[in-house]
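Novice: Position chain E relative to chain P; hints supplied.
Each chain, written out:
Number of protein chains: 2
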Amino acid sequence: MNYRFYNARILTMETTDIITGELWVQDDKILYVGEGGDVAVICQSLSLESIVWDREIDCNGNLLMPGFKNAHTHSAMTFLRSYADDLPLQDWLTKQVFPMEAKLNGEMIYHLTKLAVLEYLTSGITSIFDMYLTPETTAKACVEMGMRCVQVGAVSGQENFEQSLKTMEERYHSLNDFDPLHSYFIGFHAEYTCSKALLEQVAEMAHRYQVPVFAHISETKAEVEGCKQRYGMSPVKLFDSIGMFEYGGGGYHCVWMDAEDMDIFAKRNLSVVTNPGSNTKLASGIAPISEYLKRGINVAIGTDGPASNNCLDMFREMFLVTGLAKLREEDAAAVDALEVLKMATVNGAKAMNLPDTDVLAAGKQADIIMIDLHQPNMQPLNNIAKNLVYSGSKSNVKMTMIRGRILYENGQFAKETDVEAIYRKANEIIRDLS
Amino acid sequence: MNYRFYNARILTMETTDIITGELWVQDDKILYVGEGGDVAVICQSLSLESIVWDREIDCNGNLLMPGFKNAHTHSAMTFLRSYADDLPLQDWLTKQVFPMEAKLNGEMIYHLTKLAVLEYLTSGITSIFDMYLTPETTAKACVEMGMRCVQVGAVSGQENFEQSLKTMEERYHSLNDFDPLHSYFIGFHAEYTCSKALLEQVAEMAHRYQVPVFAHISETKAEVEGCKQRYGMSPVKLFDSIGMFEYGGGGYHCVWMDAEDMDIFAKRNLSVVTNPGSNTKLASGIAPISEYLKRGINVAIGTDGPASNNCLDMFREMFLVTGLAKLREEDAAAVDALEVLKMATVNGAKAMNLPDTDVLAAGKQADIIMIDLHQPNMQPLNNIAKNLVYSGSKSNVKMTMIRGRILYENGQFAKETDVEAIYRKANEIIRDLS
Chain P
581 MNYRFYNARI
591 LTMETTDIIT
601 GELWVQDDKI
611 LYVGEGGDVA
621 VICQSLSLES
631 IVWDREIDCN
641 GNLLMPGFKN
651 AHTHSAMTFL
661 RSYADDLPLQ
671 DWLTKQVFPM
681 EAKLNGEMIY
691 HLTKLAVLEY
701 LTSGITSIFD
711 MYLTPETTAK
721 ACVEMGMRCV
731 QVGAVSGQEN
741 FEQSLKTMEE
751 RYHSLNDFDP
761 LHSYFIGFHA
771 EYTCSKALLE
781 QVAEMAHRYQ
791 VPVFAHISET
801 KAEVEGCKQR
811 YGMSPVKLFD
821 SIGMFEYGGG
831 GYHCVWMDAE
841 DMDIFAKRNL
851 SVVTNPGSNT
861 KLASGIAPIS
871 EYLKRGINVA
881 IGTDGPASNN
891 CLDMFREMFL
901 VTGLAKLREE
911 DAAAVDALEV
921 LKMATVNGAK
931 AMNLPDTDVL
941 AAGKQADIIM
951 IDLHQPNMQP
961 LNNIAKNLVY
971 SGSKSNVKMT
981 MIRGRILYEN
991 GQFAKETDVE
1001 AIYRKANEII
1011 RDLS
Chain E
581 MNYRFYNARI
591 LTMETTDIIT
601 GELWVQDDKI
611 LYVGEGGDVA
621 VICQSLSLES
631 IVWDREIDCN
641 GNLLMPGFKN
651 AHTHSAMTFL
661 RSYADDLPLQ
671 DWLTKQVFPM
681 EAKLNGEMIY
691 HLTKLAVLEY
701 LTSGITSIFD
711 MYLTPETTAK
721 ACVEMGMRCV
731 QVGAVSGQEN
741 FEQSLKTMEE
751 RYHSLNDFDP
761 LHSYFIGFHA
771 EYTCSKALLE
781 QVAEMAHRYQ
791 VPVFAHISET
801 KAEVEGCKQR
811 YGMSPVKLFD
821 SIGMFEYGGG
831 GYHCVWMDAE
841 DMDIFAKRNL
851 SVVTNPGSNT
861 KLASGIAPIS
871 EYLKRGINVA
881 IGTDGPASNN
891 CLDMFREMFL
901 VTGLAKLREE
911 DAAAVDALEV
921 LKMATVNGAK
931 AMNLPDTDVL
941 AAGKQADIIM
951 IDLHQPNMQP
961 LNNIAKNLVY
971 SGSKSNVKMT
981 MIRGRILYEN
991 GQFAKETDVE
1001 AIYRKANEII
1011 RDLS
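Going down the list, the sequences are from chains P and E. Using our numbering, the first residue of the first sequence is number 581, and each one after it goes up by one. Using our numbering, the first residue of the second sequence is number 581, and each one after it goes up by one.
Okay, chain P solo, but in the shape it has when bound (with noise of 0.2 Å):
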């Protein structure tokens, strides 16, 4: 499909100035991004044939920007929404998750995913980066739906969620590139669910095949504590000591590094993944953000997923990412809101080895969302990155495009989406469940 995006204010992401024009759409990429005019004569400037549109939207001057990446969730555990809300991380996690998590199998994860696409989408999520149980249903839904989806191996030796570095290997050849729409990366669940020999075959298999390693790291202080009891060091350090990061990869969580391991994730060019939601909900702390940016890390955002957040809303996650850094540093010029759109667009593609999604530019993906700016929440438009950021909402998201095809616009999502069926699904799951 051909679209021309006309009339339109354009955030590339490529820098954080708008530019006002026209953004051109050819099947899964962008052909043109620049300023609006005659077609005819933008073609001839290109070199182009002229193209016959199958559909031409006026913008009325409304934004289109980068989709947003959540760089780290568990979309299935959509069943577990609000189901336990209000506990110590303790009881949730051992009285109420892994229990319900021990009954689920494939095909539930299959629906339960489908579920949380049909919120990324409603929030102008284009990829995200997803650990869970069985990633073949989870990849099965997203590529179904169209959503772009990056998984990453949990390698486990934890009773509940067991998985292998055996299954793990298998799966980084099934699954890796198997569509246009989905990836897989290796890594593990954390420190405390794996022993150190377990560590090490991950770090071996990274070496092996030269690839990023990427857990949850840090999230808690009881877990750093832990590590420290049994390792004598933090999570980094132990990871960086048996090499785990030699060919990158990064964190999920990171609230709880000292100054030596935002060291090594400087030095190894690491990721942060912060997932601020998740920690306030939790409980777990604020993210050392500032800290982090001083050092030149790359910083992406996650929603975690939805039993622990409880929604999947980049809107919440980008005000909080800069919120708590403020309420952190105690000043309120704490990590500029533009540096927080980076993260949830530009540094999460880093993060998730999605290069061609990273900005709006000529040859790139069409991952693209369009933002309301008739709402009054967008208004006046003193500055319209700023307001993303600080008053921006989910219902400002008028358009979510993934790879060419538009997945949500004005409220619906694509006709051949039956959304009540999929509401339907995960009633019963989480009533047979129970």
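Derived from the structure by calculation, the hints contain no laboratory data. There's no promise every hint is true.
No distinction is drawn between identical chains; accordingly, a pair holds when it is met within one copy or between any pair of copies.
[Stated by the list, open to error] Each computed SDA-like pair below joins lysine to any residue, with the alpha-carbon atoms no more than 25 Å apart:
hint : residue 1 : residue 2
1    : K1005     : N963
2    : K683      : D1012
3    : K746      : R985
4    : K922      : G876
5    : K801      : E909
6    : K1005     : I599
7    : K720      : H954
8    : K609      : C623
9    : K1005     : N640
10   : K801      : D911
11   : K720      : D608
12   : K683      : L961
13   : K675      : E909
14   : K817      : G828
15   : K801      : G865
16   : K746      : L778
Specialist: Okay, now just chain E, sitting in the frame of chain P:
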């Protein structure tokens, strides 16, 4: 107009149980809330004549609940949204906000308030507790648009926004109950903008009229320290020592209160209006909400003005109230979501002296919102009330009714509202003032 809402879920907030049934509105009031069924039979059981409906609305299982009470705001500050963010608080106030406000006039405030009212409606906010410079034009804007508004005097000796006691007393007579949608409280800006003599005059007026008093109280650590230097005691103790709260009232923000301050609030039956979005963005700190609740203090929620938040969204505030309390107490069980829903509705109505708007019950004012449960962030329906607080969004607000008038429905404002003209005016004003 007579409305019949059927096929509804209803959260009356008399309890947090959700009932299934009908809600009827006659003119400005709720006529019936209860089980569904044959209209004639229900009428008979209530000894009602048969009713002619202007509209019968199939709620399709969506949720009706009382509208949110935004218990602290400065509506007209919309013009400064994203005008000067990411600045240290003192620079922001003295170099940006105060000089710009000095140029505002009543007509500008009228137009800028209208922009805020649009935003309130999108977030299900049905009444506001507003403090600003020209209450006459704020009242005019609200009443014209159908927004319920309680205003509060802002006596101050500050050069930029001086307001005399005499002016406030005149307004107390002219603006109280001049319209069923409007009322007026006495109040002062804050300790640090008033002399002690002026504070004593406010207290004297409160005694004379036997009325409550509201003010910004203990918003920042610096404010409390300054007061202690000036008077040897905290703002709350100073106010109490001069009898300010003999007839009740309360404080906005209340971030930095000590145990004695809280005990005074409890003893005097005062309300805390917490503003977590603003306190976060301006790095003012986290209010001790759990402590307030332990003492049985009435806690309500406000957005504060859009220049310091920057949005007027009760869903963001509700998440922050409980989320920040969890971080502060390092306890994921702190401040249950149901408590937060009460703050945003019943407790707000109490603080604002709007007892007819607190819950959905026969005879109460028809200030009602409909929440769309057919969106992915509200599924599955494990716990609808918790979903509202933890995953709810203004995108779920399907309808906002105030005093029996539908002012916002399915993303559209009332026909007579020229939305684009309001946006144009707001942009003109900030352009002219810059």
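Novice: Run through the hints listed earlier and report the numbers of any the structure violates, in increasing order.
Specialist: 3
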